[in-house]
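If you're matching them up, the sequences are chains Z and Y in order. Read in order, the letters of the first sequence are residues 0 to 462 in numbering that gives the first Met the number 0. Read in order, the letters of the second sequence are residues 0 to 1138 in numbering that gives the first Met the number 0.
If you're looking for bench data, these hints aren't it; they were derived computationally from the structure. Virtual Cβ for every residue (Gly too), placed ideally from N, Cα, C. Incorrect hints may appear among the rest.
These stretches of chain Z come out as covered by chain Y in the derived footprint (C-beta under 8 angstroms, 3 or more residues) [said to hold, decoys possible]:
#1 89-102
#2 117-126
#3 143-154
#4 245-256
#5 315-323
#6 362-368
#7 447-456
One-sided and incomplete, this derived list gives chain Y residues near chain Z with beta-carbon spacing under 7 angstroms [as the list claims (entries may be wrong)]:
#8 V523
#9 T801
#10 A808
#11 S812
#12 T864
#13 S992
Chain residues, written in single-letter form:
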Amino acid sequence: MLPACKQLDLPPSDAIDATKAFRNLEDVNMGVLGAYAPMTTSVIEAVAIVSDEVMLPTENTVSNTSSHRWLYNSSSGSVTSAFYEYYVTIDRANQVLAAIPNIPTNGSMQSLMNQYEGELLALRAYCHFELLRAYASSYEPDGMGVPYMKEHEVIYPARPTVQANFDDINTDLAAAKALIPGGFSDNTRITKTALSAIQARVALYAKKWDDAIAYASEVIAAEPLAPKNDFAKIWTDESEAEVVWKLARVAGDSRLGAAFFRETGEIVLYAPAFKLIDGFGTTAQRADDIRFASYIKYDPARGASGAKSAYLVNKYASGLVPNAPGLTSVKLFRTGEMYLIRAEAALEKDNSAAGIAAATKDLNDLRAARIYNYVHVTFPDKQSLINAILNERYKELAFEGHRFFDLKRRNLPVERRTEDAINTSGAVKLETTAAQYCFPIPEDELFVNKNMIQNPHYGEEQK
Amino acid sequence: MHIDNDAYTRERAQNLLRHIGRISLKTIWLMKLILFLTVFFTWSAFAEVSAQKVNLRVQNTSFKSVVQQVQQQTGYSFIIRDELFQQAKPVSLDIQDREVLEILPSLFQGQPFGYAVKGKIISATALKKQASSTDNHRSNAAAQQAIRGRVVNAQGEPLSGVTIYVLDSTGKPTTTVATSTDAGTFTINANTDDQLMLSHLAYFSKTVTAGLESPLNIVLQEKENLIDEVVVTGYTDYVRSKSPSATAQVGAQDINRVPMSSLDQILQGKVPGMNVISSSGQPGQSASVVIRGIGSVNGTNSPLYVMDGVPIEAGYFQTINPEDIETVNVLKDASAKSLYGSRGSNGVIVITTKKGKKGRLNVNYSSQYGFSTLTQPTFDMMDSRERLRFEEEVGLETGRDIGPGWTLSPKNSNYATQSAAWQQNANHVLDSLSAMNTDWRDLFFQDGRFMEQQLSLSGGNENVQTYNSLSLWNEDGIVKETGLNRYSLRSNTNMNYGKFTAGINLNLGYSNSRFTYNEGGTGVGSPMASVYYALPYEYPYTADGAFHATDADMPFYDTREGSRGIDVLYGTSDKTEQFKTILGVNMAYEILEGLKITTRAGIDFRNSVDQVFINPLSYIGKNQSGKKGSFEEGYRRNFNLISTSGITYNKTIDKHELELSGFFEYLQSNYKAFSYRGYGLDDRLPENPNAITVSTDYLPSLDGSRSASAMLSYMGIGRYTYDNKYTATASYRYDGASLSSVPAKNRWHGFYSFGAAWDAKQEDFLKSADFVSVLRLRASYGQTASPIGSSFTHLSLYAANTTYNGQSAIRPSNLVNPDYDWEYVDEFNIGVDLSLFNTQRIKLVADWYNKVTMNMFLDQTPSATAGGGSGGTIPLSTGKMGNKGIEFSLSGDIIQNRDFNWNIGINGAYNQNKILRVNDITDELADGDTRIIKVGLPYGTYYGPVWAGVNPDNGDALYYNQDGSITNVYNAEEQSVPLSSNMFPKFTGGISSSWRWKDLTLSTLFSFVTDVQRWNNIDFYIETERYMTSNQSKRMLYDRWKKPGDVALLQRIDVPRNYTSKDIQDASFLRLRNVQLNYSIPTAWLRKTFLKTANIFVQGQNLLTWTSWRGLDPENNRQYGRFEYPNARKYTAGIQVDF
C-alpha cells in the first residue's frame, strides 16, 4: 500500500542534523565557540543595580527600576534571566563533551582535542559557579546550591548543597587543568592561567585559603599587573595587560555599556554612586588614582542644568569599534583581583602578624600599581585590614559584578548613601535577612520543577 | 448543459425541488434529476444533450403522455405531482421542429398549474388563484400583446427560472404565467396596463406595469438567509437534503462592496460558530478566524482556505478582491472536513469565484469613495493642568521629582531658597506649560481616505464562458503614513465540449502595505505608544518651526517622548509589497454515463517583499549602528502546489442512489526567505540599497531560510441515498506527511467520517404539511487533523547562525521530542434544518457538536537545566482537549409584502472548551506569562494573583493569598490561581437585518462576542508609578489613594504596580459592523441610457461599539491589549452600474 515515498523524505535545510554536526576537530571547535557565544553579562549588570555601586539619576525615566529599589521577586527578569542563560552555556558544553569521544583523533590532534575538552569542562564549572554566586541561599556548605548538570538531560532536579556544588566545580576545574595545554594563550577563551584564576576565586568563596593563595599566585606569576600607562587602555580594549580572561565582543554583539547609558535619548540609566566616587578620596587623590578616570567620567557641562547626571560609568563606554558606544569586551578575570584574593586569603588563613604583613604587602603592591605618589600604609589589626581589602575590591572591581556578592560573602548589608537614594523611594539599606539578599529562583522554574525550592523569605511580609 | 451556471443552477434547481416538495417523482425523472444534482466540482455528470427539437401531433391526449413524449425527445425533465397529472386537461397540439421553451406556453395553456424552467428541469408551479378569473381574462385576449422582458439580479446577471404572473384587477395572480430563460428573458401575453408580478424563491418579488417599456428590463433584489441548497465541499457537491454535513454559505451579496480589504474580516458575524476577530486596524491585515472553538493549542488554528479547488494561504488576502467572490462555503463538521483529512480539522472555507455566463457581454462597474476615522478609546490621559498638578502631588507625597510641576512648584522646599527672579521665572514657566495642551492623537492619527474601483466583463457562448475583472483599491490608514494599495486581476474561463469539460481560474494580485513602525511596542519612540506616553505640555516643534527629538539643543521641561514618536513616524518606513498568483486548472471527462475522471492542478504563489527604511537624517537614524540610518529589504516566497486526480461513479437504480469517488492527491509547499540589512546610509540616496555603506564597524546583516514539506494522500468517498429520504455517507483518507512534520515511523495516518441524513419532509406524514416546508436531520462522526507544522521538532538540530569573537560557531537549536506524532480531532455533529411556511418565511439551522482533540501538541517548558533558555520548550503530542457547543441561525421575513419587506437573521454559537489531559507528568502548563493550561479548565484561562483592592488605611495594594487571606506582599508564584476569565469567547454571533421598500434597501449587520476577557496591558503603562514620568491616565490623579480613609481604585503612588486579576478585563462587545443604504435606480429611468442597472449606495463600517473594555479596541486577537492599531470607523459612498 505504501510506496517508499521519496517526495516525503525532505530533509531539514535550515539546520544541521545533530548526527552530522560533529565530524572532526574543526566542528568541535565550532561547538566550543557556540558554548562561549551565549555567555552573558546580566549578572554584572544586576550586581551593579542592586548594590551600592550605582545610583538612579532623575533623568532615567525609561527603565524598570524595581530591582534597584530591591522590589524584585521571582518574576523580575533583571535578576532571574541569568539562571536561564548560564544553563544554556552549560548545556551546549555538555552536548559537545558528549560528542567528543565519538570523533576519531590521532596523536597530533589529541592535544587540540584535549584543549577543547578542558575548555568545555572549565566553562561548565565556571557557569555553575556564577549560578552559585547569584542564586545560592548562602555560601555556607549547607546552603542550597544549584543543580549541577554533567550531561544534557531533560530532568527536574532538586537543589544540592553548596558544598556539593563546590566539589563538582573543583572536580571539573581540576580535570580541565590537566587537559588545557600551557601554550594556549587566547585570552578570549579559558587558558590555563584563566583556569587558575577561576580556581582562586572559587577557593575564596569556598574559604579554602591555601588554595586561594596558591592559585592566585599562579596567575600573578603568569600575568603581572598592568603598567600605569596601559591601565586605561584595558577598558578601551587597546591593551591586553593583566586581562586573564575576557568575553570577546565584536561589532554587532551585545553592549555591556548600554546597561549604564542609553544612547538613544542620551540617558544615563545608572550613574556611579557618590559613595563609590567619594571612595576615591579628594579631587587630588582621584587624579592620582588611575582607576578613577578609567571607571568614572565626570562631565560638568552635562550636569550643569541640574536635571542630568554629571557622572557616568566610563568602564564600558567604548571599545575598538568606532561609533559603537558601550561595545567593549567583558573582562572576567584580571590580575588585580588576584592580589586582593591572595591578600584576603592570607589574612583569613593566618591573622597573626605574618598574615597581616602578607596581606598588607599585596594590598600595597596593588595600590602602588594604581596610584601615583602612593605611600604604603600599615594596618593595626585584622578587621581594619579586612575593611581595607573589601573597600579596595569595591573600587578596583567596580561594575565588574562582584560588589553584591562580596557583601553577601561577608554577610554585610547593602547600604546606600542618602544622596544615592534620592529616587529609590527609601531603598537605602538591604538587610542580610531580606529575601532580596539572594537573587530569586525564576518563577517559571518553580512552576515546572516541583523539586526546586525558592530562596528564603521570598513572599514573606516585608518590614 | 451549461457549465457556466454550476452551483448557481443547482441551487435554483433544488429550490424548485423543494418548492413543490410534495411530489412523488417518477423514476425516470428522478434518475435524470439525481444525475443532474450529483455533479462533481464544476462539471456536471450530464453529457451535453443536443438541443433537440420537439415534434408533436397529439389530439386530446393525456397531458402526462405528452409530457413523456417531450421528455423523450429532448433532454428536459419534468417534475410534476401525480395529483396534478390527475387534474390536468387533455392536450391537443401540432408542433413541428420547435424548441422546448417555445412550446411550453402552448403545452401548459389551460392547465390548472403553471410551470417553471430551471436548467433542464421543468416543474409545475401551483397557481395561487384557480381559474375563476381566467375566463374574464381570456375574454380580453384580443387586446393582449406579447410583452417581452429580461430579468437580472443586482449585479446585472440574467436570472432564469423567475416566474412571471399577470395580475388581475384585485392584484391576485391569474393563470397567465411565464418563466424566464437562461438568458433571463421571457415573453408573456398581457395588456399593456396589466401588472406583472415576478417571483422567485431566492429573490424579492417585484411588480411592474407591463407596458412600462419594451422590452421590460427588471432587476430583482436577492433575498438573504435562505437555507443554502448545495453543500459544496470542493470534492463533492451534494444536495443539502442528501448531505449529513454542517455547512454554511455566504453569498456574493454579503461579501461584495464591503469596504474591508481582507476577505476573512468581511465574514465576521455571518456564519454561526465562526468567530472572526481582527488582528489590527492596519488596512489589509488579516483576522484570526476560529471555527467551533480553538481546536489546537500549538498546531495550526486557522481554517483551511480553498479557492476554486486550490488551497490558499490563510492570512494573505491582501491581493484578493472580494468582489470576485460568488460564494463562500464554510465546512464545519467531520463529514465535510474529513475530505481534507489532515488539514481540515479547523474547518474549511471553500471559496468559489464568479464565473462567466452564457449570453451577451456583461460589463459591471462599481466605484466607492470614503474615509475612516479613529474611534474613541474609553480611557483618558491627563491634560496639562492635571499633569502639572499630578507632578506636584507626587513631589509632596514622596519627594520624587517627576517633572516641572514639582521642580518649579512653590510647595517644593527648594522654591523658597531660590532668588526672586528664579521664582518669577518658575511661575511663568508653569503658567505657559499649563496653557499648552497637545492632543497627541491629532499628530499621530488622521482621517484616512478610501477609494475602490472595479470593473468586470463576463459572458460566453455555448462552449466557452469567461469572467474577467480588474480592481483598484487605495486605502489610507487612520495612523499617519499607513495604508494599502491593491491591484488585482481575475480571469476565469470554463469550457465544455460534450463529455469533456475544463476550467482555468487565475488570480493575479499586487498589494503595497505601509505599516507603522513597531506597532504594539511599549518603548519610547513607538508611535502608537507615544500617543499616550507623551506629556500634554510637550510639542514637537518650537515656535520657529524647528523639530526637536531630544533636549540636546534646547532644554525642555518635558521628556520628548511624543517628539521621539513623531521622529519615528516620519523618519521610518515599513512597507510590504505582495505579489500573489493563484492558478487552478481542472479537467474532466465522462468515460461512460455516470463514470467520470477528473484531474486538477493548482498553485498558490506569494512573494512578499519587505522593506524597512530608517532615514539617516532622523534622530532614530542617528542611533542606528553606524549612526546613519539603516535599510532593510527581504523577500518571503511561498509556493504551494496541489495536484488531485480521481474517478467518480454514480448510479441510480430504482430508489437506490449511489455515488463513489476515489482520489489521489499530492501537495507540496516550499518556502524561501532572504533579507539583508545595511547601515551607514548616504542621505542623498534614500530608500535604496545603494545608499548602504559596507564597513567592518557596522557590517550589514544577512538572513534567510528555506523549507519544504509535502503530503501524499489517497482517499475514497461514498454516498448512498434511498428513496430521497435516507442518506448515508462515508469517507476515508490516508495521509502521509513529510519528514519535517513527523518522524518516518509516524508518517501515515488515516482519517475517516460517517454521516447520515434524513429528509423528513419526504416522508408521507409531512409531505402535505404546508406549514413545514423543510425538515431535515443530520448526524456525522469522523476524524480529521490540523496541519502539522514543518519544523523538524522530532529531529535534533544544530544551527550554524552563531558566532563568538567573529568566528563561526554552531549551537543546538531545539529541544527534541523523537516520538512526535499527529494531532487529530474526533468530532460528532447532529443538526436540523427547518423551514416554516411555503415561502420558507422562517428558517432555522441548528447544530450540536462535540469535538475532541487527541494527541494535542503542547509545548512543555522544561527546567532551565535542560538548556533551552528562557522560553525554551519541548514539543509534546500528549494533550487532549474538548470543544462542544451549539450553533444556530434563525432568520425570518417579519414583513413580506409587495413593496415592503423586512427580514431579520440572527446567528449565534456557544462553545465550551475544556483541557482534558496535559501529559503523564503534569496536569498543568504555564501558557505565556498570564495564562495556564490546566486539566478541567478551558484553554485560554488567565492565571495570576487576585487583586484585593487598596487598603484605605495606608494605600497599600492588597492581594489574596491562595488560602483566601489578604496581604500587601506580591508573590506571583504563591498567589497565582486560575482566574475565571478566558481569552476566547464563549458566545459569538451576528444579527443582520434588511428593510426593503420598493427600490430602496437598508441593511445592517451587528456582530457580537461575549464571555471573553483580555489582558489590558495599557493600564500597566499608564497607571503605574514605574513609568509616571510619562503621561498617565486621569485615574492616577483622581482615583488613587492619597490619605488615610480614601477608598481608592489605585494604590498609594509609591507602591509598585503588579500584574493581577484586575488587569484581565471584559472584552465583550457588540458592534454595528455595517450599515448600508442602497437605491436601485428604476430601470424605467435607465431606458434611454446604455445602462442596464444602476445602484447608488452609502455605507458605514464599525459605526457603533458597545463595550466595557478599557483599552483601545475590544476587537483584537492579541492576548493583550497594548498600543495596538485600533479598527477604524469608515464611511463610504458608491455606485454600481451594469452595461
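Hint by hint, where does the structure go against what was stated? Just the numbers, ascending.
2, 6 and 13
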